[in-house]
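Taken in order, these protein sequences are the chains called Z and U.
Take the first sequence: its position 232, counted from the start at 1, is 233 in the working numbering, and no numbers get skipped.
Take the second sequence: its position 143, counted from the start at 1, is 144 in the working numbering, and no numbers get skipped.
Quick caveat, the hints were computed from the structure, so don't treat them as lab data.
There's no promise every hint is true.
Pairs count within a copy or across copies, as identical chains cannot be separated in the list.
In silico DMTMM-like links for lysine to aspartate or glutamate, alpha-carbon gap of 25 angstroms or less [as the list claims (entries may be wrong)]:
#, residue 1, residue 2
1, K112, E209
2, K193, D34
3, K419, E222
4, K113, D136
5, K193, E147
6, K194, E209
7, K113, D423
8, K421, E263
9, K113, D34
10, K91, E25
11, K193, E163
12, K230, E33
13, K203, E163
One letter stands for each residue in the lines below.
There are 2 protein chains.
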Amino acid sequence: MARTIEINREFIDELREAIRDNDEKKALILLEDFHAADIAELYDEINIEEARYLYLLLEGDRASDVLAELDDDDRSRFLEVLPGEVIAQKFIDNMDSDDAADVMGDLSEEKKQDILLHLDDLEQAGDIVDLLGYDEDTAGGLMAKEMIIVNENWTILTCLKELANQADEVDEVYYMYVIDNDDILKGIVSLKKMLLSNNATKVKTIIEDDIIYVNAATPAEEVAQIMEKYDLVAIPVVDSIGRLVGRITIDDIVDVIREEAERDYQMASGLTDEVEESDRIMHITRVRLPWLLIGLLGGIMGALVLGRFEGSLKIYPEMAFFIPLIAAMGGNVGIQSSAIIVQGLANKTLKEERTMRRLGREFLVALFNGVILAALIFTYNFFISDSFALTLTVSSALLSVILFAALFGTLIPLLLVKMKIDPALATGPFITTMNDIMGLLIYMLIGRALYGIF
Amino acid sequence: MARTIEINREFIDELREAIRDNDEKKALILLEDFHAADIAELYDEINIEEARYLYLLLEGDRASDVLAELDDDDRSRFLEVLPGEVIAQKFIDNMDSDDAADVMGDLSEEKKQDILLHLDDLEQAGDIVDLLGYDEDTAGGLMAKEMIIVNENWTILTCLKELANQADEVDEVYYMYVIDNDDILKGIVSLKKMLLSNNATKVKTIIEDDIIYVNAATPAEEVAQIMEKYDLVAIPVVDSIGRLVGRITIDDIVDVIREEAERDYQMASGLTDEVEESDRIMHITRVRLPWLLIGLLGGIMGALVLGRFEGSLKIYPEMAFFIPLIAAMGGNVGIQSSAIIVQGLANKTLKEERTMRRLGREFLVALFNGVILAALIFTYNFFISDSFALTLTVSSALLSVILFAALFGTLIPLLLVKMKIDPALATGPFITTMNDIMGLLIYMLIGRALYGIF
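Isolated chain Z (complex conformation):
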């Protein structure tokens, strides 16, 4: 009964042998105990012809479930050479409408048409065409058409009969959605409540009408926030006049949440787009280049700043030794400060209207850390360096840079939020580069002043 199967080398070898020998029966027996998600993972271990042989062997829901679980890229490559008729009847006909729309969304217009024409299930074809019309990143793009719908004027008995009819196409029934004669969403009825009521009762009387729904145009991230906040397992989707058009289940939202979190992480790591290990080298190169270009520009500006102090550097070359320290610390503190803001926005813990208080706190934190670090580097240089001017310059510049970077790292993302720009953009390239340059300027200015005195 335990079902986290380890896919090991021997198993793969045995499976490939069965494929090579064209032993359909053995291949199917080998896959028998596997969940569709596990079979989809096999894709990485076998070549594309083997996968095609294997997945076409599977029957009914299993074939379409495996296809739905494949990576987007893998799937497109897998489907490329299959005829529309096979794709339609082997995979798409049995799929949930949202998965079907996802799969077809990645294909060419020509292939889409080819598949739609070969679908046996005309209702499915209609649903897919409807769903393909929505933007991927909206509630409409996430929703499925499969749900149990009952009319508010029906009795429980009618509902239960209807459930038996409709249930076939719905895997899991969380709620039944109640509509009026104009298809307007009126509320939900839980299975539990229905079971506990009398068969002659009208749906109207046990309806729960105080429900949360979203519009088809609502952005996916907002849907995720609503479902997360209210702990919902499924949420109904309505059109602009309130007609029920679909429902979104939590498993699709889990992906949205993960992608959103990953996007922030990517931004912070200097990647401008989603990258997977399987992507082409040119794509990976292109995704990474923008931040590196900003870094290069920042480096050139840093060189220009230092160029203004060529005289000082000539006389006191030891000042150059601590340039990396100052630049690195400015960048580090800036990232730390801005990360709090970005994360606060992502998990909605960031509260508005407290800019001054937040800046005050950041300043205090930076002051504590700055004093500790400045004291450490002062002590180090005091014993190691011959130049007291250098000792004083490095430690006081470090403190100033840390304070500046903390305030800058807090202010910039807050400003971006006000301007409706994603502050995650700021944590990566912009803040580090700006803090590098400002840090150098502060360091050299303090250095010139202090060397003049001591």
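Given chain Z, work out where chain U should sit, using these hints.
Then chain U, alone, in the frame of chain Z:
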């Protein structure tokens, strides 16, 4: 019916006025349309006495739902001064057992005892004591005791009756869990299937026994991966001999997924622990200091490296201008390379046993980016700088540093994975600092060599 209420200033003012006037009726009317999650959010807008007044006004489930939705810190402060009896009877008695255990886990042993003694519901008290025994970060720590359990030998009719009995304490019924006479989990039965079967049928005959479950000791992150991979809404939890002890629902897993993603982001941003805007200043300071200390140490090592080249820097002070550029680019490329590995591990797209292939790809990507960036900085210096040696040094050092950083940034996290250490640790402090230092060394060595030639 739309229910994403905007909490505005006037509403807050009106609410605070009702509280000040001790107008219970008005306060309750104001909150009438609010979901528990919305009422919990009010906490940030009113002071703690007002919150206490308000939340104690709420009745039954609503009071406990609001408490469950509060931030951990807010909740501890909120409960601190309430007597155990009030907490027990107003909040804990009506809570789901997993929420109750979460709430009580943060309280002192003394307070826990005080609350447990005052619970009216002895079954609830027993469940809470059981749940408090599990580690927070395991399946046991996430699970709830509320579920519908049926015996495999019962008929459908018995089940439906039992459902009516048990359903009262379960909000949403996804499945019924089937056990044998020894409490061993045998499988699940869906409500749908039960409704479509004859009343005299035995549960045994319609049981779905090929189900996925976890052990109470399974780490939370693994539970999340399993539920995400298999698109589960709820998963049963068994003890070491297979007895059903609880179930985990997807809403609790959504939190685990978000926290996990945030943790990687924090690591990459140089924060060593979870930080929220509301945390105390000393805590925030302590969380940020470790990376800054590593950065300081790296800076000192950088200074030592540059110190070895004091002679060169004295003769060619313009070499110092590009120190920040070289250091920054090494760090940036290293972070980009390591982020792919960390993220691949987080979303399980990283495949084993392809280290050489991955290194080869990283090398190619770095080569493309490196050549582009080196060409740009070569062109810039060629026209701006008087020194051809500098022009050649900076561009060739930049290319070398980028190549080195890419390989280093890929190898280190892979090595950490092999050593079972969280590679997210590497993306932040370690890789950036090491690449900074190595970058400086490469730069100065190339500089000394090329200045000798040109």
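Exercise. For the identical chains here, do K203 and E163 meet the 25 angstroms Cα criterion within one copy, between copies, both, or neither?
Worked result: Close inside one copy (14 angstroms) and across copies (24 angstroms); limit 25 angstroms.
For this session: Have a look at K421 and E263 and pick one of within, between, both or neither, based on CA distance no larger than 25 angstroms.
Result: both (20 angstroms within a copy, 22 angstroms between copies)
Exercise. How would you label the pair K193, E163 (within, between, both, or neither) given a Cα cut-off of 25 angstroms?
Worked result: For K193 and E163, both the intra-copy (16 angstroms) and inter-copy (12 angstroms) Cα distances are at most 25 angstroms.
Problem set entry | 25 angstroms Cα threshold - placement of D136 relative to K113 | within (17 angstroms within a copy, 50 angstroms between copies)
Exercise. From the Cα coordinates, with 25 angstroms as the cut-off, is the pair K113 and D423 best called within, between, both, or neither?
Worked result: This pair counts as neither: shortest intra-copy Cα distance 34 angstroms, inter-copy 43 angstroms.
Exercise. Quick one: K194 to E209, C-alpha cut-off 25 angstroms, is that within a copy, between copies, both, or neither?
Worked result: both (10 angstroms within a copy, 24 angstroms between copies)
Exercise. Between copies, within a copy, both or neither: which fits K112 and E209 at Cα up to 25 angstroms?
Worked result: Result: close neither inside a copy nor across copies, 43 angstroms intra and 38 angstroms inter.
Exercise. Is it within, between, both, or neither for K113 and D34, if the alpha carbons may be no more than 25 angstroms apart?
Worked result: So K113 and D34 fail the 25 angstroms test inside a copy (33 angstroms) and across (45 angstroms) alike.
Exercise. Checking K193 and E147: alpha-carbon separation at most 25 angstroms within a copy, between copies, both or neither?
Worked result: Both ways: K193 and E147 sit 20 angstroms apart in one copy and 15 angstroms across, limit 25 angstroms.
For this session: At 25 angstroms max between alpha carbons, let me know whether K91 reaches E25 within a copy, between copies, both or neither.
Result: For K91 and E25, the Cα distance is within 25 angstroms only inside one copy (17 angstroms; across copies 63 angstroms).
For this session: Tell me, please, which holds for K419 and E222 at an alpha-carbon limit of 25 angstroms: within, between, both or neither?
Result: Within. Shortest intra-copy distance 19 angstroms satisfies the 25 angstroms Cα cut-off; inter-copy 35 angstroms does not.
Problem set entry | Intra/inter-copy verdict for K230 and E33 if alpha-carbon distance must be at most 25 angstroms | between (39 angstroms within a copy, 18 angstroms between copies)
Violated hints, in rising order: 1, 7 and 9; the structure is consistent with all others.
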